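Visitor: Using the hints provided, position chain B relative to the given structure of chain Z.
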Amino acid sequence: MPPFRWPLVEEKMPRLLSVRAVAISVLLSGVATSAFAFDWKAHEGETVSFLSNNNPWSQAVLSYKDEFTELTGITLKVDTYQEQQMRQRLMTVLNSGSDEVDVFMTLASREGRQFAAAGWYADLSDYTQSAVAPEYDFAGISPALVKAATFDDKLTSVPLNLEGPLLYYRTDIFEKCGIAKPVSLDDVRAAAEKVKACESGVTPFASRGLKPAIAYTFSNVLHNVGGTYIVDGKSALCSPEGKKAISYYGDLMREYGPPGAANYSFYQISALYRSGRAAMAFESSNELRTIMEGGERLKDTDVIPLPAGEAGMVPTAIGWGLAISNHSAKKDAAWYFVQWASSPEIQKRLALQGVAAPRPSVAADEEYKAWISEAPVRASWQEALDVLASDGSSEVGYPIVANPESRDYIGQAVQDVLLGQKPVDEACAAADTALDGLIARK
Amino acid sequence: MTHGSTNSQGRQLAALSAPAIVFTVAMIAFPVVYTVWLGFHSFSATGEGSFSGLANYSKLAADGEFWNGLYVTFALYILSMVLQLVAGIYLAMLLFHSKRLSGFLRSLLISPFMMPPVVAGMMWLVILDPSLGAANYILESIGLPPSEWLASPVWVIPTIALIDTWQWAPYVALIVLGGLQSLPPSVYEAAQIDGASSFRIFRRITLPLLLPTIVTAAVLRSVDLLRFFDIIYITTQGGPGNASNTLNIYGFRVGFEFFNIGYSSALMITLSAIVLAAVLVLNRLRNAVAW
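Taken in order, these protein sequences are the chains called Z and B.
The first sequence begins at 817 in the numbering used here and counts up by one.
The second sequence begins at -2 in the numbering used here and counts up by one.
A hint or two may mislead.
[What the hints assert, rightly or not] Here are the simulated lysine-lysine pairs, BS3-like style, with alpha carbons at most 27 Å apart:
1) Z:Lys1050 / B:Lys56
2) Z:Lys1238 / B:Lys56
3) Z:Lys1164 / Z:Lys1147
4) Z:Lys997 / Z:Lys1010
Treat the hints as calculated values from the structure; they're not laboratory data.
These figures come from a predicted structure and were not determined experimentally.
Chain Z extracted, bound-state conformation (with noise of 0.2 Å):
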């Protein structure tokens, strides 16, 4: 299956109008009434169970909470966790069918066929229509990534960032290495070889090596390679364009990566690049604001999408979502607060504390726009956001019900070749017969 392109501008007008049609037809009938008459406090006195992933937009989000109690008269319970340990206790929660759990967080590209298929999500497109404060704007949500959250035509979560590997680099390092601005993978691999040769003390490339995390940005190199996971229902990292990112991915790390690459994930990656230790980083575009913490890399450092490979430049563009669970008892109280958090002030004050918003319009905002131009690193990491808004994947990992697991079969292949424990044919081999498994498994 190729990869999901988000459409062009052009592909994306017949959508918007339609969109806008229908907003026209139901401002003019009855149900018009009901949106005017919305009533932020139809559910005072209720409380909403939320559980958190803690990252970058909860983080910023949970900050304005009591607002949201302010406006609604709705106490939010709040149950923050790493993501790992969300998942594992939303999985418990979500089979057991308990009610525990009102709304959380979802990473439509990896666990959204998975809990789709179990029904573990509430239909929001109903409450999307009908149940808004007349400023809520759902069709200025970006189309592209409202429709990688809906799964057989139910809209199961409400899209709150736009996200994807950027790869970020240091200027003044480059400029003394005699190093231009990469415009290509063999860019990338020939400016990190120049970097080892001309400043020693630093790492000259970093970038995930974690077996569960690999996919993350692997599978940007394959896109631009022009691979794809699936090729005529079967697993494809054996194609010529798998085994060339394959390759290309794990000799770079283990060639010019930090040492220990293996076991780096986002927080060893920012950790190193905001302390001056690395060169370049391909880290997610959430990292920003923990990688600029200090102001030590403000001013050195350039932000781009992973240059382009054969198949020109496919970078990986996911976000986050709020969803509810089918098993809550209060689905009604729960999109008020889905509602509030994914509303445009809202995702405008997040984007101004470094969340790329999902909503096209906020980078039109004047003051969104003040506080991109303060710093040259914001101007550069908004139009590589642009890029992946415009020409993004969300295919991370294979689009199959078992997602995450193949995740863990593409993070081992990469592994073998980083630590030169197998070569890429046997590498790939190995993890094709078990995707192709997995791809059988229903």
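Guide: Just chain B now, kept in the frame of chain Z:
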């Protein structure tokens, strides 16, 4: 008191304590029975289950990850156990014989096992980071080459064994110290009168007399070591590759990350059987060395 009233009191006692007994037994038995039941079922990625008999157990035999997990579990078990017993006995002897150690220093020496394993794991993860950690900084500052520690497929098991030894050798030391304090002084007095050296006294008297205590410590540590989880989960998550993927970590990931609850349950039942067998063997050993 008549015979009839005694019977009546007995029945009352049984009736009153029955709910507590039933509840306690149910609380212990239910998770085990439920896990066994799950092990006989197969579940789809969406959680739908169907009875599959012994399919999950026959799958174990053909699963390379299972055999790797078994190898890693036992490699870690044996290495950690040897290190912890040696270090624990040494520390116990030190605490027993050194009268000059202050109470504070004694407390400090035995404090690591009071630290939550998650905290210990995070602490060592930072210390052993190959690029930013203190461990390599110290090695390099004394002219030694840096190590990849937890990120090296070769060194990850010894490194985790060392972390666990740092944490649990003091616990072994406390048990051994208790044993040392209960040894009969008359045997030592006789040996000293006969002119035996300190090393000979240790090898010929202390160690044999301590064996039951040492085996008890080994039994207690075996249960933890065979189901080793927390520090590995925090530091490596079973990696790099599968180099530290113990059976417990593997079973957890299969169950909670890949949602294959049936197979995960079969793995856990198998692991429980291994732990039980190890404890039974060590208990027989303890009986054999008892004095």
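Visitor: Now tell me if each hint is right for this structure.
Guide: These are the hints, each one checked on the structure:
1. Z:Lys1050 / B:Lys56: 23 Å, holds
2. Z:Lys1238 / B:Lys56: 25 Å, holds
3. Z:Lys1164 / Z:Lys1147: The hint holds at about 25 Å.
4. Z:Lys997 / Z:Lys1010: Status holds; Cα separation ~13 Å.
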